[in-house]
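Q: For reference, the chains in residue letters:
There are 2 protein chains.
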Amino acid sequence: MVSKNQIKLITSLVQKKYRKQHGLFIAEGVKVINELIKSNFELEHLYITKPLFFGVSEKIKTLVTDSELKKISALTMSNDCLAVFKIPNERKIKTDGLIVALDDVRDPGNLGTIIRLCDWFGIEQLICSEQTVDLYNPKVVQATMGSISRVNVSYVDLSDTLINLELPIFGTFMDGENIYKTKLPSNGVIVLGNEANGISSEIEKIATHKIAIPRFGNLQLTESLNVATATAIVLSEFKRAT
Amino acid sequence: MVSKNQIKLITSLVQKKYRKQHGLFIAEGVKVINELIKSNFELEHLYITKPLFFGVSEKIKTLVTDSELKKISALTMSNDCLAVFKIPNERKIKTDGLIVALDDVRDPGNLGTIIRLCDWFGIEQLICSEQTVDLYNPKVVQATMGSISRVNVSYVDLSDTLINLELPIFGTFMDGENIYKTKLPSNGVIVLGNEANGISSEIEKIATHKIAIPRFGNLQLTESLNVATATAIVLSEFKRAT
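As you go down the protein sequences, you meet chains L and B in turn. So the first sequence is numbered by my numbering: it starts at 54 and just counts up by one. So the second sequence is numbered by my numbering: it starts at 54 and just counts up by one.
Do not rely on the hints blindly, as some may be mistaken.
For chains that are exact copies, the list does not tell them apart, and a pair is met inside one copy or across any two.
Unchecked claim - Using 25 Å as the maximum straight-line C-alpha spacing, the simulated DMTMM-like pairs for lysine to aspartate or glutamate come out as follows: (1) Lys147 x Glu257; (2) Lys236 x Glu290; (3) Lys192 x Asp160; (4) Lys263 x Asp149; (5) Lys263 x Glu219; (6) Lys234 x Glu290.
Since the hints were made in silico from the structure, they are not lab data. None of these values were measured; they are calculated from a predicted model.
Model the full structure from these sequences, guided by the hints.
A: Pasting the structure below:
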């Protein structure tokens, strides 16, 4: 059974303010929870609708009904388990190899997909502007499918941080140089911008290289690619030559 | 004002069965609706919360309140307008150039993103298995951001159709040949599979080329890329050489 206080605490964790206050976040579904446990995220409590996670101490497990789980779930389709984890301390930024930087990406699905792409392409560091959607938002945690544990995500003053890194900075712009014809290095920062507005003028000023994914269809259109699919193409281009 | 019957009709259109029965689908938001009007989709009716679409006859416009719009909207965040369009007749499959084929893609967001990618990369024909999510699902229409009007989408018996096309068939598999090292033609079919199960064994049998996007990160992991991001990378690879 879940107590009223537990329900209150867990449902509060959909808000960043309360995640910060309690230092906790939630994850749902066996796959994602397992990945987080394996990666040494500190498990605070597990809510399960059937016997699961045999390696976990019974002291931090609560058996709940489907309707109780639905009450605490942050997803439209609730799973058969929900876990509360401690938010770990932020780690130092890794400056080797390629780094991805996000300038105000707001959609949780996009951030989650980008983390999964970083994991696929062996990119260990993601730097986010402070206005980028929070990593521990339940929809982000879900969309990462466990990759959250393998990519170091840092929230920073993006402009200051990028200047201090002293690395080449590649920004994606509609009018940049054709990425297929650009020599791409194996270290540097790749900046992706906000869904509606792209890269801010502040970051544009410090970009050392402007690149673009050419459009092959109707050339008059101004509609851009979705930021997660643009990230997929850009990362593939950077890595294919290595 | 919206009548009870109109509300009943419009809200029924979130279900494929009723879209088929009435031959109608809905689209929301100025941008998407404008693209559909420009592309000669036949507009049945417009519901607007303020004066919009000045070129459209007043006879098929209804001014509604925000709360009325919310009642008929299929989206969590309703917009300031909703349109009901006629579903056009399916057009003949175009067999020139590259064709994308989807083997049971179920997620509306994925289908919408893939249509947008086809539009970006100048791919005019998308072939879907009958189990693929319906093109006129409101979430698909929304995710295409208007591209729905520029890509010809056909629902067919995928296996039969692919065999009859007599084109090279490229399937994406975890154990396929490194796509970065494969010679890719400028005509042929690229098949992407279901989110959970990939390409079915039926289609695997008729694939003439098995390709894969190499993983650069943790090589033990079996988790695949999301189908929309995989499509982005594969289409970029096929088109970059042209």
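Q: Could you run down the list of hints and mark each one as holding or not?
A: Evaluated hints:
no.	hint	result
1	Lys147 x Glu257	within (23 Å within a copy, 41 Å between copies)
2	Lys236 x Glu290	both (10 Å within a copy, 16 Å between copies)
3	Lys192 x Asp160	both (9 Å within a copy, 16 Å between copies)
4	Lys263 x Asp149	within (21 Å within a copy, 34 Å between copies)
5	Lys263 x Glu219	within (17 Å within a copy, 42 Å between copies)
6	Lys234 x Glu290	both (10 Å within a copy, 13 Å between copies)
In terms of the numbered hints stated before, the structure departs from none.
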